Each structure stands twice: as C-alpha cells, then as structure tokens.
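Enquirer: Sequence:
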Amino acid sequence: MNYKTLKRKIAKTKSANLLIFFLTINTFAQNPLIMDQFTADPTARVFDGKLYVFPSHDIVPPEGEGRAEWFNMADYHVFSSENLTEWTDHGKILDQKDVPWADPEAYSMWAPDAIAKNGQYYFYFPTRIRGAGDGESGFSIGVAIADKPEGPYKPQPSHIKGVEGIDPNIFIDKDGQAYLYWSRGKIYGAKLKENMLDLNSEIKTFSEIPQKGHIEGPFVFERNGIYYMTYPHVANNTERLEYGISDNPMGPFTHKGVIMNESPSGTWTNHHSIVKYENQWYLFYHDNDLSPDFDKNRSIRADSLFFEENGNIKTVIPTHRGVGITSSTAQIQIDRYSNKSNIGAAAVFLDRLDPFQGWKMVLNKPDAWVRYNQVDYDTESPKNVKIRARSLTGGTIALKLAGQDNQEISQVTIQKGGNWDVFTAPVKAEVTAVQDLLVELTSGEGVEIDWVQFEK
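Throughout the sequence shown, residue numbering follows mature numbering (1 follows the signal peptide of the UniProt record, and there is no 0), covering -29 to -1, 1 to 427 in sequence.
Just so you know, the hints here were simulated from the structure itself, not pulled from any lab data. For clarity, every value in this text was computed on a predicted model and none was experimentally measured. Warning: the hint list may mix true and false statements.
Claimed, not checked - Subject to a maximum C-alpha distance of 20 Å in a straight line, what follows is the list of computed EDC-like cross-link-like pairs (lysine to aspartate or glutamate):
id	residue 1	residue 2
1	427	349
2	336	416
3	125	74
4	119	53
Said to hold, decoys possible - Quick list of the computed label-pair ranges, beta carbon to beta carbon:
id	residue 1	residue 2	range
5	288	32	41 to 51 Å
6	128	349	47 to 57 Å
7	69	401	20 to 30 Å
8	427	184	52 to 62 Å
9	228	196	38 to 48 Å
10	169	313	40 to 50 Å
11	286	393	24 to 34 Å
12	280	321	38 to 48 Å
For every residue, glycine included, the Cβ atom is placed at its ideal position computed from N, Cα and C.
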C-alpha cells in the first residue's frame, strides 16, 4: 500500500480502530527503510530488545503554509523493528500544534532524539519558539515524555532554558550522567540534571571540532572506553559524516576521519545515528531515494558499520541492499541489490510519478545479473518460485545460489507481453539456511522484474 492510497483510506473512514490499524501497518523495505512517506534525520535506539527509529518527517505543506523549496516538518513518527527488515509505523507521536511554547505554523520540527531513563522515555526535539519571527534564529529544544517508546508523548510546557539551536542528541554515560549536545553553526554540549529537563553545567563550545564549513547534527556514543563525537560537515560541497574521539564525553575530541563520504546523489544534507543491535553496529542516515529531484524530501537508510582494531571507524559505503535478513517467502525486492553486473542491469522506478511504489530491476541483455544477499530459506526447502515480471519480447530467468559454483535452483520463463504478470516454476534443488540469491537473464532481453518470492 503506498502513501497516497493510505491517506485516501484514512480520509474515508470514521473508525478510530481502523485509523490505528492503518497507522501501524508493517513497511517492508531495505534501503530506504520506509517506503510510504518521507523520513530523515534518523536516531536509532534499542529499547527492551527492539530497535526503534525516531526520524524527522519531511512533507509537502498545505498550500500557502511552510516555506517553498525548503525543509517542512510538522510532526514526528516512530518506527520499530526486531529484524531490521519489517518496520512498524506506530503513527504520529508529536505535532507542532501540540507544543505549548512552539510556533504552530513553523514546520520546523527538525532532527530529534530519544532516550530511556528511570522507566520513562524522553523525546527531544527542536523547533521555532512562538513569536520568534523568521530566519534561522529563535530555535530551542523541547522535551516530551512517555511511558512507552512508541508514546503517546506529552510535551513539557517550556523548552530547555539556556539552549538555542537544533539537532539535540542525548548521551547517558556509564555512571548515569546524562549529556545534551546540539548545534547552531557550531556544536555545543552540557550536563543534564537528573530530571532530564534542565542543564546542570555551563555550556561548552566544542571548538576543537573542524570549524571551516557548515557543521551540525552531533551524535555521541561510547565503545570500549572511547567516546565518539560524530557529525555532518560540509568540507567541500555537501555534508559528509565525520568523527572525533576522546576519553571524556565533554572532550576535547581529536578529529579522526570520515564515516561516510558525500552522497553521489548530491543530497545536500546527511544526518545520522550509530547503534549496536544484536552484536552488530549500524549507521542510520538519509538520502533522497524517493525524491531524486528534490533533496528536501528525504528517506532514511541503514548500513552495517565496522571498527578497526584501534577503534577507528571504517568508512561506510552506502548500499541499496541495506541490512537485515529477508525471508525467502517474502517478496524479495531484488532492485535493492547487494551487487549487479556492470552492463545490462539497472534499477528504475516502477512509476516515476509515484515513487512510493518503489523500483523494478531491468535486465536488458543475456548474462545480466543481480545479487541479493542474505535470503533465509529456513530448514524447509521451497517447492516453487514466483516472479512478478514483464517483457515485450520474453526471456528466461535463472535463479542461482550465489557462490563458488553458482548452483542453479530454478528457471522461470517470462512470456512476452506488455503487462505485469506472475510467472511460476518449480525449485529443482534442495535449498535451506541463509544464502545469497543470484538472478540472471539467460535468454531474451528487456525483462523487468518487480519481485521474487519462494513458496514452501
């Protein structure tokens, strides 16, 4: 179900229960993670063994409101997953009109963060103060509190006194001390009181962080006694993700290098978080996958992150495949590939006018192939495979287990014709466990594939 269809169905119903059902639908995706709305600035947190993502929410505002050709965000959603493949949208957790101290028409609910302490969940968000006027000044950071990660969140009556800026980040050290970091041209930080609502130290300006070029979006975490200050920085043309390290959460931080280089898409911003989940570190970030012509409508992504033995972060290369293991019985979106042939294979939108429908993989000539890693066949081998595809001239698709021998497990004939159809063939080999899938065009040309799905 795409976002437009979702909105139409919600608009037609007067049932609160049905509304909740639609808001909590599962979203199946790789990169980008969320396919039914624009999302940006993802903060990922692990609460009670589940991974939650708190992004900002890019929208097209009603006519005559917001700022044309700029970022417009009026509210926040929260998403959760236990397998990094199926994401549940828990619906709107906070709206600009619900915040007592905020300008209710600013559309400036920018990058947020969330943290758990003493059995409660604290959601930190920036927005413009009511009556602050136009321009980039007049921002502060507020807090909303909930009993559950998915809310509902109740905003506090006032913003955090003494804080002017955006992009809040919360870090709680091993001794229980909480720190608030934020940005406004530079990066700032201070200790928080036990109530998580007030500053408890003087504000520090992190002047050791590179100051040339735009800088924002701090995110601090600790690993093996090393504190990492990470942030987006425009060193050349657009934002790349960089980091420094220290032995103290308040620094000074020594600049170490780049986590992710500038986006090949030319998206001007990047904003991120780094989290460890089930013994693997991940980088959450954003790009403009669903809006390639307008980089103010962004989409969140995730890729695995690794460290050198000395603690340095290895540069993360963004992928379409992203993270998570995909069940063989799910619709495998091979356009979110982990690798493909250099010639004859391309991922393009199913419908350029409705990007929320996603992509298709086009195999244009024999021997063109695409690889999709980590498909879980479980302990029972599938009996059949289905491919949703179309081709004006027809063709044959070979499905293989990617490896040294590239064992073929099925061949699917795609009949010629201009309409989408589902084509089925038997699986002729025993396939179990987690394997990489190779999809190859062995005859014909111009075969378009929407998804591949195995049947037990």
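Enquirer: Each of the hints needs a verdict: does it hold here or not?
Expert: These are the hints, each one checked on the structure:
no., hint, in the structure
1, 427 / 349, "holds (10 Å)"
2, 336 / 416, "holds (5 Å)"
3, 125 / 74, "holds (17 Å)"
4, 119 / 53, "holds (16 Å)"
5, 288 / 32: 41 to 51 Å, "violated (34 Å)"
6, 128 / 349: 47 to 57 Å, "holds (52 Å)"
7, 69 / 401: 20 to 30 Å, "violated (56 Å)"
8, 427 / 184: 52 to 62 Å, "holds (54 Å)"
9, 228 / 196: 38 to 48 Å, "violated (19 Å)"
10, 169 / 313: 40 to 50 Å, "violated (57 Å)"
11, 286 / 393: 24 to 34 Å, "violated (41 Å)"
12, 280 / 321: 38 to 48 Å, "holds (44 Å)"
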